[in-house]
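Novice: Here the protein sequences come in this chain order: A and B.
Residue 14 is where the first sequence starts when you use the numbering used here, and the numbers rise one by one after that.
Residue 1174 is where the second sequence starts when you use the numbering used here, and the numbers rise one by one after that.
If you're looking for bench data, these hints aren't it; they were derived computationally from the structure.
Please note that the accuracy of each hint is not assured.
Below are the SDA-like pairs computed for lysine to any residue, each with C-alpha atoms no more than 20 Å apart in a straight line [said to hold, decoys possible]:
hint, chain 1, residue 1, chain 2, residue 2
1, B, K1276, A, K24
2, B, K1279, A, L52
3, A, K57, B, K1199
4, B, K1199, B, Q1271
5, B, K1199, B, S1241
6, A, K57, B, L1219
7, A, K57, B, Q1271
8, A, K57, B, A1267
9, B, K1279, A, K24
10, B, K1199, B, I1222
11, B, K1276, A, R123
12, A, K57, B, E1178
13, B, K1243, A, D99
14, B, K1276, A, D99
15, A, K24, A, S100
16, A, K57, B, Y1270
17, B, K1199, A, Q54
18, B, K1229, B, T1193
19, B, K1279, A, A101
20, B, K1276, A, E98
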Amino acid sequence: EAGVAQSPRYKIIEKRQSVAFWCNPISGHATLYWYQQILGQGPKLLIQFQNNGVVDDSQLPKDRFSAERLKGVDSTLKIQPAKLEDSAVYLCASSLDYSLYEQYFGPGTRLTVT
Amino acid sequence: SQQGEEDPQALSIQEGENATMNCSYKTSINNLQWYRQNSGRGLVHLILIRSNEREKHSGRLRVTLDTSKKSSSLLITASRAADTASYFCATSGAGSYQLTFGKGTKLSVIP
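This is chain A alone, in the form it adopts within the complex (with noise of 0.2 Å):
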């Protein structure tokens, strides 16, 4: 079966600017995950849907990351504006359900902010 695609797979952009990343999860998994990974450190959850609902976003700076995850299929995560300290890997995920199933990840989007 496809995994998890996420697009693009490097971005660079000043501080200050826009981006947006995209994610399509493995077909049929209701729950998806946006990851943020700072190099060195384990993955932060920031985001979790289930189908198009959110149900935790607790670790998600609302001030400048927004994310949807539109039918309940693809998602999309932004950051407006950014700063040097988003520069990291941004990790999507799915899962058939968010109880206890194990967690299917993509590629993953390495961000620089300059």
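Given the coordinates of chain A, work out where chain B should sit on it, guided by the hints.
Specialist: Relative to chain A, chain B alone:
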């Protein structure tokens, strides 16, 4: 804040040797998972162990869980160069389905 803490931070072994990584966590969990991350395949789920289980095997992987000590270990037997990667433990807390990852152990297997 990150729940799991892996130990050691880095590990270098010869091909064919066994590799052991440890994970400690602070609060009660529903389950603990181990993931592997390398540049070729991204982050991949390896194994899940539930809080009422003590040991689990999958191929060359053996995971143990000691809830009284709030710790887990991952053993990779007969390591191969392809096992070179970072290994993360991730916990799901009681009453929450959120996964919290540690900082990882970077394993290097020398051919």
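Novice: Give a verdict on every hint.
Specialist: Tested hints:
1. Our distance criterion of 20 Å between C-alpha atoms is broken by B:K1276 and A:K24, whose separation comes to about 24 Å.
2. A hinted pair counts as satisfied when its Cα atoms are at most 20 Å apart, and B:K1279 with A:L52 qualifies at roughly 13 Å.
3. Taking the CA atoms of A:K57 and B:K1199, the gap is near 17 Å; set against the 20 Å cutoff, the hint holds.
4. Of the pairs offered as hints, the one joining B:K1199 and B:Q1271 holds, with about 15 Å between alpha carbons and a cut-off of 20 Å not exceeded.
5. Distance restraint check for B:K1199 and B:S1241: the Cα-Cα separation of roughly 11 Å lies within the 20 Å cut-off, and the hinted pair is therefore satisfied.
6. This hinted pair checks out: A:K57 and B:L1219 have alpha carbons roughly 19 Å apart, not beyond 20 Å.
7. At roughly 10 Å between alpha-carbon atoms, A:K57 and B:Q1271 fall within 20 Å of each other, so this suggested pair holds.
8. Proposed proximity of A:K57 and B:A1267 is supported: the alpha carbons are some 18 Å apart, at most 20 Å.
9. A distance of roughly 26 Å separates the Cα atoms of B:K1279 and A:K24; the hinted pair therefore is violated under the 20 Å criterion.
10. Taking the CA atoms of B:K1199 and B:I1222, the gap is near 17 Å; set against the 20 Å cutoff, the hint holds.
11. Distance restraint check for B:K1276 and A:R123: the Cα-Cα separation of roughly 18 Å lies within the 20 Å cut-off, and the hinted pair is therefore satisfied.
12. Between A:K57 and B:E1178, the direct Cα distance comes to roughly 14 Å. Compliance with the 20 Å bound is thereby established for this hinted pair.
13. For the hint linking B:K1243 to A:D99, the alpha-carbon distance of about 32 Å lies beyond 20 Å, and the restraint is violated.
14. Restraint check for B:K1276 and A:D99: satisfied, since their Cα atoms lie roughly 18 Å apart, inside the 20 Å limit.
15. A threshold of 20 Å between alpha carbons decides the hint, and for A:K24 with A:S100 the separation of about 10 Å falls inside it, so the pair holds.
16. A hinted pair counts as satisfied when its Cα atoms are at most 20 Å apart, and A:K57 with B:Y1270 qualifies at roughly 14 Å.
17. A threshold of 20 Å between alpha carbons decides the hint, and for B:K1199 with A:Q54 the separation of about 18 Å falls inside it, so the pair holds.
18. Among the hinted pairs, B:K1229 with B:T1193 is consistent with the structure: their alpha-carbon atoms are about 14 Å apart, no more than 20 Å.
19. Taken as a hint, the B:K1279 and A:A101 pair is honoured in the structure, with Cα atoms around 18 Å apart against an allowance of 20 Å.
20. For the suggested pair B:K1276 and A:E98, the alpha carbons sit about 18 Å apart, so the restraint of at most 20 Å is met.
Of the numbered hints stated above, those contradicted by the structure are hints 1, 9 and 13, listed in ascending order.
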